[in-house]
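There are 2 protein chains.
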Amino acid sequence: MTKPWQQRAEAKRCAIIESIPQKWRLLVDSIPTADEQPDITGPYLHQFLEQREIEITECDATVIIQKTTSGEWSAVEVTEAFCHRAALAHQYLNCLHEFFPEAALEDANRLDAHFKVHQKPTGPLHGLPISLKDQFNIKNTSTTMGYISHIDQPPTTESELVLLLRSLGAVLYCKTSVPTGLMSGETANNIIGYTWNPRNRHLSSGGSSGGEGALLALKGSPLGFGTDIGGSIRVPAAFNGIYGLRTSVGRIPYEGAENSMDGQNTVPSVVGPMAGSVGAVRLAMKSVLGMEPWVYDPGSLPIPWRGEVEERIKGLLCGEAKGKMAFGMFEDDGIMKPHPPILRAVRLVREVLVTLGHEVIDWKPPSHAEGCSLVYDAYTLDAGHDINTQLAASGETPVPQLAWILNLPSKTPKNASEIFALNVSKRRWQKVYMDYWNSTASRTTTGRPVDALICPTTIMAAALPGKHVHPGSTTFVNMLDYSTVTLPVTHVDESVDGVEAEGYDVRDYEGAPVGLQLIGRQYEEEKILVLAEYISAALRGEDANSGHW
Amino acid sequence: MTKPWQQRAEAKRCAIIESIPQKWRLLVDSIPTADEQPDITGPYLHQFLEQREIEITECDATVIIQKTTSGEWSAVEVTEAFCHRAALAHQYLNCLHEFFPEAALEDANRLDAHFKVHQKPTGPLHGLPISLKDQFNIKNTSTTMGYISHIDQPPTTESELVLLLRSLGAVLYCKTSVPTGLMSGETANNIIGYTWNPRNRHLSSGGSSGGEGALLALKGSPLGFGTDIGGSIRVPAAFNGIYGLRTSVGRIPYEGAENSMDGQNTVPSVVGPMAGSVGAVRLAMKSVLGMEPWVYDPGSLPIPWRGEVEERIKGLLCGEAKGKMAFGMFEDDGIMKPHPPILRAVRLVREVLVTLGHEVIDWKPPSHAEGCSLVYDAYTLDAGHDINTQLAASGETPVPQLAWILNLPSKTPKNASEIFALNVSKRRWQKVYMDYWNSTASRTTTGRPVDALICPTTIMAAALPGKHVHPGSTTFVNMLDYSTVTLPVTHVDESVDGVEAEGYDVRDYEGAPVGLQLIGRQYEEEKILVLAEYISAALRGEDANSGHW
Chain A
1 MTKPWQQRAE AKRCAIIESI PQKWRLLVDS IPTADEQPDI TGPYLHQFLE QREIEITECD
61 ATVIIQKTTS GEWSAVEVTE AFCHRAALAH QYLNCLHEFF PEAALEDANR LDAHFKVHQK
121 PTGPLHGLPI SLKDQFNIKN TSTTMGYISH IDQPPTTESE LVLLLRSLGA VLYCKTSVPT
181 GLMSGETANN IIGYTWNPRN RHLSSGGSSG GEGALLALKG SPLGFGTDIG GSIRVPAAFN
241 GIYGLRTSVG RIPYEGAENS MDGQNTVPSV VGPMAGSVGA VRLAMKSVLG MEPWVYDPGS
301 LPIPWRGEVE ERIKGLLCGE AKGKMAFGMF EDDGIMKPHP PILRAVRLVR EVLVTLGHEV
361 IDWKPPSHAE GCSLVYDAYT LDAGHDINTQ LAASGETPVP QLAWILNLPS KTPKNASEIF
421 ALNVSKRRWQ KVYMDYWNST ASRTTTGRPV DALICPTTIM AAALPGKHVH PGSTTFVNML
481 DYSTVTLPVT HVDESVDGVE AEGYDVRDYE GAPVGLQLIG RQYEEEKILV LAEYISAALR
541 GEDANSGHW
Chain B
1 MTKPWQQRAE AKRCAIIESI PQKWRLLVDS IPTADEQPDI TGPYLHQFLE QREIEITECD
61 ATVIIQKTTS GEWSAVEVTE AFCHRAALAH QYLNCLHEFF PEAALEDANR LDAHFKVHQK
121 PTGPLHGLPI SLKDQFNIKN TSTTMGYISH IDQPPTTESE LVLLLRSLGA VLYCKTSVPT
181 GLMSGETANN IIGYTWNPRN RHLSSGGSSG GEGALLALKG SPLGFGTDIG GSIRVPAAFN
241 GIYGLRTSVG RIPYEGAENS MDGQNTVPSV VGPMAGSVGA VRLAMKSVLG MEPWVYDPGS
301 LPIPWRGEVE ERIKGLLCGE AKGKMAFGMF EDDGIMKPHP PILRAVRLVR EVLVTLGHEV
361 IDWKPPSHAE GCSLVYDAYT LDAGHDINTQ LAASGETPVP QLAWILNLPS KTPKNASEIF
421 ALNVSKRRWQ KVYMDYWNST ASRTTTGRPV DALICPTTIM AAALPGKHVH PGSTTFVNML
481 DYSTVTLPVT HVDESVDGVE AEGYDVRDYE GAPVGLQLIG RQYEEEKILV LAEYISAALR
541 GEDANSGHW
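The listed protein sequences correspond, in order, to chains A and B.
Numbering-wise (full-length UniProt numbering), the first sequence opens with residue 1 and increments by one.
Numbering-wise (full-length UniProt numbering), the second sequence opens with residue 1 and increments by one.
Same shape as in the complex, but just chain A (with noise of 0.2 Å):
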């Protein structure tokens, strides 16, 4: 007889617990509230780890893989650093679906008695510890996507970027919480929860991929990869002030990894990297483009990574022939008013492109709502079928950020007539705003179209639990399927942002990082994080125009 989901969710929730060991272990009571500490990143967290794993676990990715590959750093030291860094992370924030550092150890020891062996690493990530969305098939795990029903179900095969990333050398030790089904802003589920926000444990990590955000911005992980049909990698990068790159479809390999509504091809979901430095991001991209993906995933597409690409763009920005760049920027996209902090970041960033000599132009594309009623449809096309069914397995009572979905006007799913139709005004409306892009030329003194978009990424720094509204700030990406990179810009800060604003209170938002979309067309990731690296060295206050950063 099968236990009531209650009982089987318990039993999942302690064994994630269980699978953290002793050494890490928090007694429960010893665990201040969120008012008690709501912040957790930085020293708070320190206190809790050795000198040795601090050093380590605050390095980026790219500084880290410097360290393993020449021999410095053993892959089992940084491993165990990174495990026992995600252990607090997720005892802290329930961040975690999947733990597995023994595993991980086992895998790390074997790297590094092949280095011994051979003096040179497995791979370019010899050694990187990265975590990965519980979507991701990974041997001796489950993959719930947060379902009741899909506890104690290992997968007969791992994901094709699973088994990319172990041939590349990196160290798999977690998987990351996501809410139910996916298909939300916030992530909460049954089974661990509501994942919290490192900077503000009252906040929201965003979701789909909001596990990810939770535990690389604290440091529990270098690099992760989640994956984005309407935000999912966006939201939780802005939430928790990190970088995610939506990638265009078939940029990276989806082959192999679970799905909520799988088959769903009018608006597909993307892979893509998510990390605290753009160079993690791009090591990501290039790490994972250089394995040739398309020979192992159907979907994947033969464009390799493009170095001449960011050369291009380097050395427009920086290089002899240094030019002017044009951005297109909006604050509002018609449909809701962003809160006062995001509009603040919006306006830094104009003024920082403006005094590094670029130009900015409005943003007054077709409708946005438009676009955003349209993805709707997308979602919901089979009314709801499959997230109700894979519910129903279980008889598990949904979290209240399913509502949407669940409670749909019509149970009916569309037939293929109406898909059809969908497809085409999808097309048309990606035509118009292919054609709105194209027509800046004539608005730009660069004779060109504008080089990259920039725009909010949610009308609000992280939100707090069941209010995060308007995903339209983000799915109209996702229609266009432009590449796109969410960049930390600012944090909320109650002495500028103290005003007043409907459904606002900035004393709610208190230290919650608000971070930008810069999107480009498709395919120009290469494009948008080179932008995104000179866009952050500005905003540190360095010089970005000498091209050092």
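Don't read these hints as lab results, they were simulated from the structure.
It is possible that part of the hints are untrue.
EDC-like cross-link-like pairs, simulated, lysine to aspartate or glutamate; straight-line CA separation at most 16 Å [stated by the list, open to error]:
no.	chain 1	residue 1	chain 2	residue 2
1	A	Lys431	B	Glu158
2	A	Lys139	A	Asp112
3	B	Lys431	A	Glu158
With the hints as your guide, set chain B onto chain A.
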């Protein structure tokens, strides 16, 4: 009051004939029957042409542009020669839906005037006439796709491919015939009737790009574009003895073209060039991709023409480090046995490759029956709703070639959940096939998986009307999205093919060309064209390994 469909068809049929200048019209009674004159290619057709017209129209597209871009030939004389030849082709074969020599000559005049002033061509295709399948929107013409209901509905904008070709300096002068609704391997509709094969006018020119196939084989066009959702480029290429390239999805722009069941994204249709030589096909690819179509078409991928791939393959074949290549090959897909001339063609190519020092291994892939069943499910997702609607709009009696989709056992379109499941099944089949392809590395002596796959295009040479069977020979490629070129190999020859076989009588196929599929992986257009050129040179008896082809 709307006229009966028969009258509308008759009026359109007459309008096509009337678009032929009087000087090029033939008396209907002067046209011999197919029995009297089955083959109208070469010397037969030349009797109607001036020597200069023959000189021009017998040239390959690559030669023509040498002459037109250097000013040796005028755009007007080239355009006029092809218009004349196309007019003859239509009167014998029924291969045109639109013919507009006047507009073409106006364009050609403009090109000549430009050349006179600037002493340089307007673009790489300056003055090259190009024919297009009747799916592309061209100003002042209708795009009927064979439907009576679409007659006299000129488009408001031109297709992106049309705009790109005009920018390249090409001259558009006709649109070629298709079966009603595009979903047939024979070209028949109520407007032009049946499009015949120029090599043997008892036989089909194939479909759905059947007008292109017939026109190109008769050299009424030096280069054309068709589309392929299940063999619609490859089948007419095989039936007419020309080259046809089925590109992978997103390589050549589809934006702004009409389609049947538009928005069916499970197995998408693709655009590809068709021509009498590999050189012309390559010219089309290079020229279109040189225009960066991804800037204008959201469905086009930013994969430029990769000359370095061509160099690498050519180097492997003929360079100093000349190496063996490995080919997969099958005669029979396990579903239906090809006729004797097709089997002979496969064996001929096998022999040629082995003689040239290459390796040929038997191809025993995952079930083609499964792939073909899935592709059939994709074509019938809307249960024929779109085609029925377009037919009903005029009340026309459908041609028999549509029976398969009009008489489906179920008239209920599939719903979203069923479509999602089909998309997942497709992806799984693609992956299993990909794994099989990769697995051949263990069977070749090159240590690589096979470089390409060679197999029949159809189980028969050009079909007798109503007798085209087993589209699965080509549809499995659409499931896989493999880049595939049909290359002409031989002709039916009673002296060697006069063997007994089920449902086969060699006398039915007298003179019919036999073309095989040369199949690469996704987005390997560059590679398969080099291989096609190499094999073609060998088939012509040239020293292919010399690299001079």
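Quiz prompt | Violated hints, by number in ascending order, as checked against the structure | solution = Hint 2 is the one this structure does not satisfy, whereas the remaining hints hold.
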